[in-house]
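Visitor: So the protein lines, in turn, are chains P and E.
If you read the first sequence in our numbering, its first letter stands for residue 9, the second for the next number, and so on.
If you read the second sequence in our numbering, its first letter stands for residue 9, the second for the next number, and so on.
Quick caveat, the hints were computed from the structure, so don't treat them as lab data.
Yeah, the Cβ is synthetic: ideal placement off N, Cα and C, and Gly gets one too.
If the Cβ cut is set under 10 Å, some of the chain P residues that face chain E in the computed set are: (1) Asp37; (2) Val84; (3) Tyr163; (4) His166; (5) Val167; (6) Arg305; (7) Glu366; (8) Thr371; (9) Thr379.
Protein chains: 2
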Amino acid sequence: MGERRRASFDLYDPLLARAAWSRITEPGDQVAGALVAHLGAADSLAWLYEVVDDPHRLALGALAGRDERPAGDRLVRAVERWRGRLPGLDPARELGAFGRIGGRLVIPEDPRWPTALDDLGAAAPLALWVRGDDDLAALSTRSLALVGARACTDYGRHVAADLAVGLVDRRFTVVSGGAYGIDAAAHRGALAAAGRTVAFLAGGADRLYPAGNTDLLRAVLEEGSVVSEVPPGSVPSRVRFLHRNRLIAAFSGATVVVEAAWRSGALSTATHAAVLLRPVGAVPGPVTSMASGGCHRLLRDAKAVCVTDAAEAAELGGSAGADAVTAQEGRHEPQDGLDEVGRRLWDAPPVRAHAPVESVARTAGLGSQETLGGLGHLELVGLAEQSGGRWRRLGG
Amino acid sequence: MGERRRASFDLYDPLLARAAWSRITEPGDQVAGALVAHLGAADSLAWLYEVVDDPHRLALGALAGRDERPAGDRLVRAVERWRGRLPGLDPARELGAFGRIGGRLVIPEDPRWPTALDDLGAAAPLALWVRGDDDLAALSTRSLALVGARACTDYGRHVAADLAVGLVDRRFTVVSGGAYGIDAAAHRGALAAAGRTVAFLAGGADRLYPAGNTDLLRAVLEEGSVVSEVPPGSVPSRVRFLHRNRLIAAFSGATVVVEAAWRSGALSTATHAAVLLRPVGAVPGPVTSMASGGCHRLLRDAKAVCVTDAAEAAELGGSAGADAVTAQEGRHEPQDGLDEVGRRLWDAPPVRAHAPVESVARTAGLGSQETLGGLGHLELVGLAEQSGGRWRRLGG
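Can you build the whole structure from these sequences, using the hints too?
Guide: Below, the structure is given as structure tokens:
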């Protein structure tokens, strides 16, 4: 411990520095995020090596002369937690190994970086480990997250796949978390429609987790991307799942929760999206289904818009004009255009027999002038016919 | 026509005058409503007999000296349409016949009048023909309308009955329209729970329409009421159905649409309720079900609150404090109370083997001090145990 530690790699290679930070920190480490944003990945790493075994320098506020508490305290605690990950740090080896399975590290300096993630501020990921299509900027541009419970129903699975197909038809990238249930159905739907899809994993991207989805995720990285902010070999812990959800929310133009029970993790994705001012949708389901309880909660609390098909999902995540849903008016009935007088008259005449005007007027509770005028109008639009001064309704 | 018409009954008997107006007008006749409100039922009827065959008197503005057009025009047209219903008008006979089947006319002057209907203004009904419990004021006080499509699914039927039972448990009157489908299920649920229920019919209350619901409606009038604003013998026309919907909406503290397609008449009840500033709820259903399309439309347009059970329905129609839904939190997990450090540590230790603090710290990405403190806390709440300085997770 008496000996000063030294990096065994070139700190000033941006990829190596970012890869190192990705290894040193856990997702969502805002102290690291702020530090790297402030000093840059290389200088902040150099600083870390400088102070990590020298509490005195750290206490004196080596960071740009600023040592205001509690920021100082937070920094001391941060260095304390980063320290344990420094021994054996070898980003060059990690990048090499990741490259050999076709992976690449995408960093904020890269034009392929999805700038939507920068909305996360200090909690933005420090780097992304990507397999498959690494142009995350392009994939993020017109994208929509479909998320939901692992323990979904056939209904949820069906709706998720349907939405994914419809979104691909509308040229959206379908984003999800690669998990069983709704996630898998969303990826599958996108693949079935020959569309682009991105899976954000909670563990390392080298391991296509969960095991039961290995084939699916392999197809995802062939047609789209498998992405993680934690370095290869990292296990997908519960906390990492929760932090992963913020990436899905930030990366995508909108998030739609397809099926989620009251305590589903998918609701945390919705919350992240809402905090980031991304539109949130929820698909309703039977109220008798526990699996839709979380969606209904979002709707009740007005935290999500009700989404029933791909057009409505696209409207959430798309551009205001082009993706607006045109009002569905359903079947047009012949009597739709009638005013109150017209509708009363259309109700009034007997359908089978022809009736005289006076009788129609009395039945409809209208005056004879109104009745004659109204029946004339009905005749014009083909809803009534007269024969020898007697009237009969047509249609309906 | 040359001879002046005269009423064959005592105009100044409020019941007879209101019964006559009910016969003369169609539902929602706002000219009649304004006239009766202005002059009273008897005087307005006397005025009508005076002017009906004397266009000159009418044109001169016999109504309190006011003859501003277009009000004057509207009045002329109104008299024209009322004229046809004056011959043979015999409210005393009608009331007698209705009384013989156990019916009673309830008028605004009656303490049993449901004053909630007065919110309809000039479109309020002029009288109500009631069979069964005629204390509509009491029935209206704590009431909720459950409405929906005739062409409902088993799901909708089940949910409607369930909601009705739950509302009865909460001492609500269940209001509906006596139709097939959702209406019938709502009435049935209320009856099954030995609760009070009111059916507003579009036709005369003497005829328990539709025929297939005769037995159900007979049960309704035994345990609650069957009500109509149109006099006995009136057929339930389409226009009357639409006007009937405004009564359901106005009478009830809130309206919940259980299942309705895009064009369902139940949506008009919801619209009436919204215009009257009554809360509106909609029950979601599968997005694959056309029968829930109207409900989803209401939710999408934020015209209704998402209602998934009787407690939520009661919250809409009840009093703010007593009927508020307490947040459903679902199953409580042992790790729920943990902070970020606690959750990371709870994730980190291997479940089977015991691990040393340094290893736990590295896995969790935490400093050793934080780790020791955090593990101590986990041990206190029973989520971790130590043995010889090595740690193991418990629970979960």
